[in-house]
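A.B. asks: Same order as they appear, the protein sequences are chains L and D. For the record, in the first sequence the residue sitting at position 90 is 90 according to our numbering, with numbers rising by one throughout. For the record, in the second sequence the residue sitting at position 19 is 19 according to our numbering, with numbers rising by one throughout.
These aren't lab readings, by the way, just hints derived from the structure by calculation. One or more hints might be untrue.
Claimed, not checked - In silico negatives: residues of chain L with every beta carbon more than 12 Å from chain D:
| # | residue |
| --- | --- |
| 1 | Ser178 |
| 2 | Arg197 |
| 3 | Val240 |
| 4 | His254 |
Unchecked claim - Capping the alpha-carbon separation at 20 Å, the derived lysine to any residue pairs in SDA-like fashion look like this:
| # | chain 1 | residue 1 | chain 2 | residue 2 |
| --- | --- | --- | --- | --- |
| 5 | D | Lys191 | L | Glu32 |
| 6 | D | Lys191 | D | Ile180 |
| 7 | L | Lys154 | L | Pro117 |
| 8 | D | Lys191 | L | Arg120 |
| 9 | D | Lys111 | L | Gly132 |
| 10 | D | Lys191 | L | Gly132 |
| 11 | D | Lys191 | L | Met200 |
| 12 | L | Lys154 | D | Ile180 |
| 13 | L | Lys154 | L | Gly164 |
| 14 | D | Lys111 | D | Leu188 |
| 15 | L | Lys154 | D | Trp272 |
| 16 | D | Lys191 | L | Val133 |
| 17 | L | Lys154 | L | Met200 |
Unchecked claim - Derived Cβ-Cβ restraints for the label pairs, each shown as a range:
| # | chain 1 | residue 1 | chain 2 | residue 2 | range |
| --- | --- | --- | --- | --- | --- |
| 18 | L | Asp85 | D | Phe140 | 50 to 60 Å |
| 19 | D | Arg172 | L | Ala160 | 36 to 46 Å |
| 20 | L | Leu137 | D | Pro38 | 13 to 23 Å |
| 21 | D | Arg190 | L | Ala258 | 43 to 53 Å |
| 22 | D | Pro134 | L | Gly130 | 51 to 61 Å |
| 23 | D | Thr126 | L | Gly71 | 41 to 51 Å |
| 24 | L | Ala258 | D | His165 | 51 to 61 Å |
| 25 | D | Ala262 | L | Ala160 | 40 to 50 Å |
| 26 | L | Gly53 | D | Leu102 | 47 to 57 Å |
Every value quoted in this text rests on a predicted model; they were computed, and no experiment measured them. Every residue, glycine too, gets a C-beta built ideally from N, C-alpha and C.
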Amino acid sequence: MSRHVSRTAASPFDTVEPRGEHQQKVSVAPTETVSIQLRRIEQSFGQNRVLRGIDLDVPAGQFLAIVGKSGCGKSTLLRLLVGLDSPASGSLRFADRSGDSVEANARIVFQEPRLLPWARVVDNVAVGLGPGVEESLSRAKALKALEDVQLSDKADQWPARLSGGQRQRVALARALVSRPGLLVFDEPLGALDALTRITMQQLVSRVWRELGFTAILVTHDVSEAVHLADRVIVLDGGRVALDLDIPTGHPRHHGDPALAVFERQLLDAILGDR
Amino acid sequence: MTAYDVASDRPRQRRSWVLPGLSARPIRIEGLLPYAVPILLVLVWQAFSSLGWISTRIMPAPTDVAAAFVDQLLSGALLHNVAVSGARALAGLVVGGTIGLLLGIANGVSKLSEQLTDTSLQMLRTIPHLAMIPLVILWFGIGEESKLFLTSLGVLFPIYLNTFHGVRNVDRELIEMGRIYGMSGWTLFRKVILPGALPSIFVGLRYALGIMWLTLIVSESIAASSGIGHMANQAREFMMTDVVVLSLLIYAALGKLADVIARTLERNALSWNPVYQK
Chain L
1 MSRHVSRTAA SPFDTVEPRG EHQQKVSVAP TETVSIQLRR IEQSFGQNRV LRGIDLDVPA
61 GQFLAIVGKS GCGKSTLLRL LVGLDSPASG SLRFADRSGD SVEANARIVF QEPRLLPWAR
121 VVDNVAVGLG PGVEESLSRA KALKALEDVQ LSDKADQWPA RLSGGQRQRV ALARALVSRP
181 GLLVFDEPLG ALDALTRITM QQLVSRVWRE LGFTAILVTH DVSEAVHLAD RVIVLDGGRV
241 ALDLDIPTGH PRHHGDPALA VFERQLLDAI LGDR
Chain D
1 MTAYDVASDR PRQRRSWVLP GLSARPIRIE GLLPYAVPIL LVLVWQAFSS LGWISTRIMP
61 APTDVAAAFV DQLLSGALLH NVAVSGARAL AGLVVGGTIG LLLGIANGVS KLSEQLTDTS
121 LQMLRTIPHL AMIPLVILWF GIGEESKLFL TSLGVLFPIY LNTFHGVRNV DRELIEMGRI
181 YGMSGWTLFR KVILPGALPS IFVGLRYALG IMWLTLIVSE SIAASSGIGH MANQAREFMM
241 TDVVVLSLLI YAALGKLADV IARTLERNAL SWNPVYQK
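Please model the complete structure; the sequences and the hints are all you need to start from.
C.D. replies: Laid out in structure tokens, this is it:
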């Protein structure tokens with residue numbers, strides 16, 4: 001049985017403050033987790049209709065995975081969710097827990113870490129707070145976020161000195177530092193080796209459970225989707241081809257036979273009957 | 001046939017590269033190595049001069065050049081001329097470099113600015129700026145303006161081209177990341193675009209330093225009443241080959257000094273880059 005990070009032992013709130021930093025109380029605004037409502041979302045590039053009427057409700061705090069073959073529209077959908085593009089037609093609405101419409105404080109973790117090579121790790125994380133935050137406060141918050149991803153000891157390193165997995169953890173800390181209501185992962189572990197992937201999956205799962213944001217994972221790795229998400233949708237030809245709940249509790253274990261059944265079901269839906 | 005074991009063979013081969021004498025003080029040897037050829041040349045030169053194989057009218061002996069150096073130093077002429085030339089070089093670098101940097105940034109960031117000015121700059125760039133000396137003398141005489149104009153013009157283009165190239169080649173993905181995290185305008189420029197373009201800007205600076213000295217030497221020899229170029233030119237009229245050679249050596253030393261300063265700046269500014277880390 002694979003080892004998993006237990007909730008109590010690895011809670012970021014238990015870890016020791018880095019030496020030299022007196023116990024600074026960082027005021028972290030409670031996460032304003034958002035729910036998402038998509039209605040008849042269409043998107044096309046020229047003659048190519050990439051999204052053909054997506055209807056989707058994502059409750060606040062859910063971990064949703066979107067899987068599908070290349071060109072199924074998942075990256076396009078992701079760009080709409082984080083506001084990089086706007087849809088050709090249809091409506092996209094974010095709401096807080098009381099149902100009022102809100103601006104989603106959405107963050108994205110890309111496949112590549114996209115760290116600034118000329119900024120030290122802690123300054124890279126502080127980028128996530130956005131401009132106009134006072135230096136001392138942003139550093140304190142960035143250090144806190146680095147603790148969440150267990151990289152406090154690398155705060156003053158250059159990104160070039162880190163391994164691929166560590167860089168992706170810095171990128172995760174940068175996304176987490178502003179306590180986003182929605183965090184979108186765009187194949188975040190695609191470039192990592194198999195063992196680092198498993199560690200990163202456990203980390204992503206743990207911070208999601210602890211911080212309670214709504215998470216959307218876009219991936220082509222069905223096993224990763226099943227391992228992390230409460231719910232997996234399959235996109236095919238710009239439509240939702242399958243919407244599957246994964247009721248297994250968290251944390252999950254690699255090689256759990258119950259998950260394998262879901263995995264099989266999803267693969268059949270994606271690859272079609274052979 | 002004997003088996004060829006690559007793994008065990010390699011360290012043995014590497015060991016044989018390090019000679020016993022070298023391995024004791026490898027750093028000192030490495031530090032002196034770049035100077036071995038010039039030192040050897042000077043020794044041969046001195047030997048040939050002492051033997052009378054080279055006429056002093058063609059080439060003075062190194063000892064004569066050293067004597068000329070002491071002479072010029074004691075009279076104060078040398079320091080004065082170095083100061084004048086140094087100030088001209090710096091002024092040209094600042095004026096030309098600033099214009100080149102600003103144009104490079106403007107054209108790198110804005111398509112409109114590029115369309116307005118890039119073609120004109122590329123056309124100006126192809127004119128050898130030293131060919132403008134007659135015109136420049138007609139415009140400014142042999143005063144400071146002519147030297148400032150020519151050095152600025154010479155320095156401008158390498159800095160412009162490399163800044164433009166650097167700004168254009170900043171990683172698009174980093175810029176997109178910056179935008180997603182709310183950066184725009186000045187913040188985006190200061191945190192992403194400028195640091196990304198800096199390695200390229202430094203290449204332009206080092207290239208510009210070479211052109212700066214070249215332009216200054218030529219324009220001081222033709223149109224000046226002070227400076228090292230003038231010192232050399234005046235010495236030529238009195239057949240003082242030792243002072244002429246001294247002037248050349250001073251140019252070489254100043255050029256090397258400028259490059260060392262630029263490289264130190266580069267190393268400090270780009271310390272994030274693994275290439276510059278020790």
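A.B. asks: Give a verdict on every hint.
C.D. replies: Results for each hint:
no. : hint                            : in the structure
1   : Ser178                          : 9 Å, violated
2   : Arg197                          : 21 Å, holds
3   : Val240                          : 26 Å, holds
4   : His254                          : 31 Å, holds
5   : Lys191/D x Glu32/L              : 29 Å, violated
6   : Lys191/D x Ile180/D             : 14 Å, holds
7   : Lys154/L x Pro117/L             : 14 Å, holds
8   : Lys191/D x Arg120/L             : 12 Å, holds
9   : Lys111/D x Gly132/L             : 28 Å, violated
10  : Lys191/D x Gly132/L             : 13 Å, holds
11  : Lys191/D x Met200/L             : 28 Å, violated
12  : Lys154/L x Ile180/D             : 24 Å, violated
13  : Lys154/L x Gly164/L             : 14 Å, holds
14  : Lys111/D x Leu188/D             : 17 Å, holds
15  : Lys154/L x Trp272/D             : 14 Å, holds
16  : Lys191/D x Val133/L             : 14 Å, holds
17  : Lys154/L x Met200/L             : 17 Å, holds
18  : Asp85/L x Phe140/D: 50 to 60 Å  : 56 Å, holds
19  : Arg172/D x Ala160/L: 36 to 46 Å : 20 Å, violated
20  : Leu137/L x Pro38/D: 13 to 23 Å  : 56 Å, violated
21  : Arg190/D x Ala258/L: 43 to 53 Å : 52 Å, holds
22  : Pro134/D x Gly130/L: 51 to 61 Å : 57 Å, holds
23  : Thr126/D x Gly71/L: 41 to 51 Å  : 47 Å, holds
24  : Ala258/L x His165/D: 51 to 61 Å : 56 Å, holds
25  : Ala262/D x Ala160/L: 40 to 50 Å : 23 Å, violated
26  : Gly53/L x Leu102/D: 47 to 57 Å  : 50 Å, holds
The structure is inconsistent with the numbered hints 1, 5, 9, 11, 12, 19, 20 and 25, although it conforms to all the rest.
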